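> Next come the chains, spelled out residue by residue.
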Amino acid sequence: MIPEAGTHLPEEQQQMMRRATRLEWISIGYAACTITAVALVVGNSQAMRTAWIDDMLSVLPQVAFLLSGIYVRRSRRPTHPYGYHRTMSAGHLVAGVALLSVGAVLVYESVSALIKAEHPTIGTMNIAGHTIWQGWLMIAVMAVFAVPAVILGRLKIKAAKPLHNKLLYADASMAKADWQTNVASIVGVGGIGFGLWWLDSVAALVISAGIIQDGWKNTRSATVDLLDRRATSYDGKDPHPLIPRLEGQLKSFGWIKDCGIRARELGQVMHLEAFIVPISVDLSMAQIHEVKAALEDTDWKAYDVVVTPVLELPDFFSQPREVVK
Amino acid sequence: MSPSNSRGGTALISLSLIVVLAGCSQAIPVDPEGTLNTVRNGTLRIGLSPHDSFVEIKGSSYQGSEVELAKDFAQSLGATPEFIVGGEESLVKKLEEDQIDLVVGGISSKTPWSKKVGRTRPYTQAIDEKGKKEKLVLLVPPGENAFLGELEYFLDQTQEMP
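First to last, the protein sequences are chains H and X.
Counting from 1, position 57 in the first sequence corresponds to residue 53 in the working numbering; the numbering is continuous, with no gaps.
Counting from 1, position 154 in the second sequence corresponds to residue 990 in the working numbering; the numbering is continuous, with no gaps.
Rather than coming from a laboratory, the hints here were simulated on the basis of the structure.
Quantities reported herein were computed from a predicted structural model and do not represent experimental measurements.
Among the hints, a few may not be true.
[Unchecked claim] Derived contacts from chain X toward chain H, CB cut-off under 8 Å, selection only:
1) Ile864
2) Thr874
3) Leu984
4) Gly985
5) Glu988
Ideal Cβ placement from N, Cα and C applies to all residues, glycine included.
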């Protein structure tokens, strides 16, 4: 019968999910280290401050993933007939909006620092009797912490693809691009070192623009899913390759004249409605059940399948199928 | 795997760049307005804000521990000290407008002026009016990092530095 939520993932995906959860915990621990290390040297550089806030924000999607990971396992119940899969999308949306708003504040800060021509002051630190310019320490910290984030990001992308998890994918792409933030802050601090005070604000502007871009991508993708847009693949390919595959399968039934699949995303899985137009009007329960079973067996993502026999396909199927982006 | 290789290459290049840059660290940071170069063997314009035993104005003579400190710093740069007396706010404004190079006057490390201008690391401790310990700093023009570095080096060499 229909598997209970939480047990619907095949063994491989369940393993992947555990792996992803572990990776996200490691990411949070790593972020905590970065945030602490940067806090020790952050100083007056706008670029460093922005990169620091960026580090803090990077935890948001990870927390969202772990929190929704608890909820998506819950079973369906009369009050929640679709299950709790959408918590992933909700978490995705919250993380996206947070990134957008903080990014906007940071853009404002760096632009106003540029306009006011604020010259960032970075003093020295006394380390074992040596007076060392703090900028060197900032650059060193940023260089050291650039690499592991990229590796974590790559590992997470590998987990996100088979899981069809957009929140994880977005988080992983952000982590993969995180080294650019570090390079930008190094450029900003280096600029201060060479007496180019404006380079610091410009670097901060670049970093905050990156945050806004991440925020926009996340917000958009989450909103679109919550609007029940036709299902797309984790990297936005439209339609999701599973849809034509399932339609092809329907067409292979000799007694189906015409068919269309309406698919929307419930987090990692899909809610599918198969509209079928039979050649003859008398259709048996066995035939319908056969179609449903065939669709559910094709892919674990085809989680909630409803088969609807119709006399003719609903008109939205006759609109141009390929959406021009 | 070539993207990861090229990224590793980038990391290597940036690391070696850092090492090279660290080699010429004497020249970095640079003052955007060139304060240190102007002051060295020239004139150090010192803003004095009267404050207890740190800065005392008696007629035309200036006394106090921080007045002496500022004089010593000027000497270390081969510069002639020039004193400008005023309230903290007006002196901070002069710092921002590059009319003076240094402000002394028993300023604590929690001073709100550090949003507008630069300040040194605390160089000593004192007891304030309420009997609480406070750390003392000096104010410098914003973003003149070579000058600030030189001053902090001087403080490191001569003061207790809490």
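> Hint by hint, which ones does this structure get wrong, listed from lowest number up?
2
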